[in-house]
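Go ahead and model the full structure; you've got the sequences and the hints to work with.
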Amino acid sequence: MLNLEYMWGLLPVLLRYLPLTLQMATIAMFFALILACLLAVVRVSKVPVLNAFSMLFISFFRGTPLLVQLFLFYYGLPQLVEALVAINGVTAAVLGLTLHFSAYMAESIRAAIVGIDRSQTEAALSIGMTQSQLMRRIILPQATRVATPTLMNYFIDMIKATSLAFTLGVTELMGATQKEAAGSFLYLEAFLLVALIYWAIVEVLSWGQRRLEIYLNKAYQR
Amino acid sequence: MISLQGITKRFGAHTVFEDIDLSLSQGEIIVIIGPSGTGKSTLLRCINFLEKPDAGRLTVGDLSVDTQRASRADILALRRRTAFVFQNYGLFANKTALENISEGMIVVDKLPKAKAHARAREILERIGLADKADAYPASLSGGQQQRVGIGRAMAANADVILFDEPTSSLDPQWVEEVLSLMKQLAVERQTMIVVTHEMQFARDVADRVVFMDEGGIVEQAPPEELFTAPKDERTRHFLRKILAPTGQAVP
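Taken in order, these protein sequences are the chains called U and V. All letters in the first sequence, in the order written, are residues 0 to 221 by numbering that gives the first Met the number 0. All letters in the second sequence, in the order written, are residues 0 to 250 by numbering that gives the first Met the number 0.
It is possible that part of the hints are untrue.
[What the hints assert, rightly or not] Simulated restraints, written as ranges between beta carbons of each label pair: (1) V:Ser70 <-> U:Phe52: 20 to 30 Å; (2) U:Thr170 <-> V:Lys109: 49 to 59 Å; (3) U:Pro148 <-> V:Glu218: 49 to 59 Å; (4) U:Leu49 <-> V:Ala54: 28 to 38 Å.
If you're looking for bench data, these hints aren't it; they were derived computationally from the structure. Quick reminder that beta carbons are idealized off the backbone N, C-alpha and C, glycines included.
And the structure:
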């Protein structure tokens with residue numbers, strides 16, 4: 000049977016590592032969003048050269064496993080770039096998560112932008128708005144609404160993906176669990192507990208997601 | 000004064016129209032009629048540079064632009080002087096009726112927000128939608144949306160308002176309220192060019208009716224003249240086809 004007492008005692012130990020997990024996900028999400036917006040706008044506006052670069056970037060980071068990318072950054076790149084020898088696991092993980100998820104998110108944002116009725120673009124141009132005013136004031140706010148459910152899903156994915164950082168030697172939630180389990184041999188209890196913790200985080204976020212969607216949809220109620 | 004000189008538009012090898020000349024004076028109301036696919040809308044879109052003409056010169060007030068050498072600044076200036084009303088409204092879905100109208104004043108004219116909103120409220124009053132200031136487009140009827148579209152064009156304080164089939168995508172019950180708003184603007188001598196199939200509107204409101212066919216202006220005359228004694232056979236043919244089913248007098 001499950002050793003519930005052990006699990007109860009382990010909970011506060013593991014929760015000490017929750018802030019690091021959330022920090023990695025939040026920081027990576029922040030930079031991934033910025034990068035994804037840039038990539039998407041470049042793709043939609045078909046900026047010469049940059050567009051080709053964006054396509055290549057998106058293709059590579061969607062086309063290879065996240066774990067491979069993390070290993071590439073952490074173990075591979077320092078071989079090439081001397082300065083990266085000092086890169087720590089957390090930085091490499093955040094970098095990998097940012098690039099990987101920005102590629103996916105760029106495609107959702109691009110689809111959301113393209114989905115906005117062309118007549119609004121023409122209307123904005125017809126009253127003398129510049130391309131960047133059009134993007135900032137009309138297109139991106141609406142694309143945000145369309146893309147939000149998908150982007151929230153990526154954020155949820157990203158929180159779970161931070162667990163891969165333990166393969167770079169980072170003691171985050173998953174890494175800590177691994178260590179604790181190795182010490183106690185109570186693998187089932189430890190990994191069940193960490194699964195429940197991830198699940199709880201995701202449930203809280205899903206609740207937030209629903210609230211956010213209601214808020215964003217308020218302009219579209221008939 | 001607004002004038003088009005030698006305006007030409009091609010899509011690939013297809014010439015939509017060639018060498019169009021048209022001018023109107025301040026306060027003049029022109030209605031362009033003609034069969035579908037003859038480039039009426041495209042001509043209107045060229046005036047606002049939503050389509051880039053392939054040749055010609057556009058003059059609006061004191062701004063005169065060779066369309067082949069137009070800088071970005073020229074295009075923005077030209078657009079600010081030529082407001083556009085779209086067939087399918089083109090309202091900003093993320094903005095209220097009030098914000099749709101004030102947006103251009105804030106972003107393009109750089110008016111302080113409070114001032115722009117005050118002006119937008121005056122316009123809402125004039126278009127009869129004062130009570131809908133905070134409504135989003137999705138909650139407005141087609142007729143109300145198009146009136147907001149016209150309000151947005153009014154807010155631009157442009158030298159001319161271009162109407163591209165403003166009632167064509169409306170349910171029949173909303174057509175009248177949009178036409179009557181346009182008539183109200185006509186009474187105030189707002190300079191406008193209207194592309195429409197509403198012949199009664201053309202008769203009642205236009206100072207001059209322009210008939211376009213096969214990529215050119217066939218003839219233009221005051222409505223009483225064009226509708227009763229058209230000179231060209233193509234005009235006669237078109238009017239017969241479009242007026243007969245409505246029970247209006249046929250030339």
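Hints, verified against the model:
For V:Ser70 paired with U:Phe52, a C-beta distance near 29 Å keeps the hint of 20 to 30 Å intact. A beta carbon spacing of about 54 Å between U:Thr170 and V:Lys109 agrees with the range 49 to 59 Å that was offered as a hint. With their beta carbons about 56 Å apart, U:Pro148 and V:Glu218 fall inside the hinted range of 49 to 59 Å. Hint check: U:Leu49 to V:Ala54, Cβ distance near 32 Å, so the stated range 28 to 38 Å holds.
Of the hints listed earlier, there is not a single one the structure fails to meet.
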